[in-house]
Amino acid sequence: MTDSVYLESAADVSLYTKAFDHLRALALSPDRSASFMHAILKEHSR
Numbered sequence: 001m002t003d004s005v006y007l008e009s010a011a012d013v014s015l016y017t018k019a020f021d022h023l024r025a026l027a028l029s030p031d032r033s034a035s036f037m038h039a040i041l042k043e044h045s046r
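Using full-length UniProt numbering, the letters of the sequence shown correspond one by one to residues 1 to 46.
Simulated from the structure, these hints should not be mistaken for lab results.
Be a bit skeptical, because a hint or two may be false.
Said to hold, decoys possible - Pair ranges (Cβ atoms, derived):
hint, residue 1, residue 2, range
1, 28, 3, 25 to 35 Å
2, 44, 24, 43 to 53 Å
3, 10, 43, 40 to 50 Å
4, 43, 6, 34 to 44 Å
5, 37, 16, 21 to 31 Å
6, 43, 4, 16 to 26 Å
7, 37, 15, 44 to 54 Å
8, 46, 9, 24 to 34 Å
Values in this document were obtained by computation on a predicted structure and should not be read as measured data.
Idealized CB from N, CA, C, for every residue including glycine.
Use the sequences and the hints to build the structure in full.
Spelled out as structure tokens, the structure:
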């Protein structure tokens, strides 16, 4: 999943779709991402 490739088969598209669906499900919301980054910056600026 690191190279530039063109997906043509339904099986390949399905595999990548599932992978990105999984990543989206694990991702923080935009607000929670901002809060998390703010906390990390605050912690490292001490």
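Status of the hints after comparison with the structure:
1. For residue 28 paired with residue 3, a C-beta distance near 27 Å keeps the hint of 25 to 35 Å intact.
2. At roughly 28 Å, the beta-carbon separation of residue 44 and residue 24 lies outside the given 43 to 53 Å, and the hint is violated.
3. Here the CB-CB span from residue 10 to residue 43 is close to 46 Å, well matched to the stated 40 to 50 Å.
4. Taking the beta carbon of each, residue 43 and residue 6 are about 42 Å apart, inside 34 to 44 Å as hinted.
5. Taken as a hint, the range 21 to 31 Å holds for the pair residue 37 and residue 16, whose Cβ atoms sit roughly 27 Å apart.
6. For the hinted restraint 16 to 26 Å between residue 43 and residue 4, the CB-CB distance of approximately 37 Å leaves it violated.
7. With their beta carbons about 31 Å apart, residue 37 and residue 15 fall outside the hinted range of 44 to 54 Å.
8. At about 52 Å, the CB distance of residue 46 to residue 9 disagrees with the hint of 24 to 34 Å.
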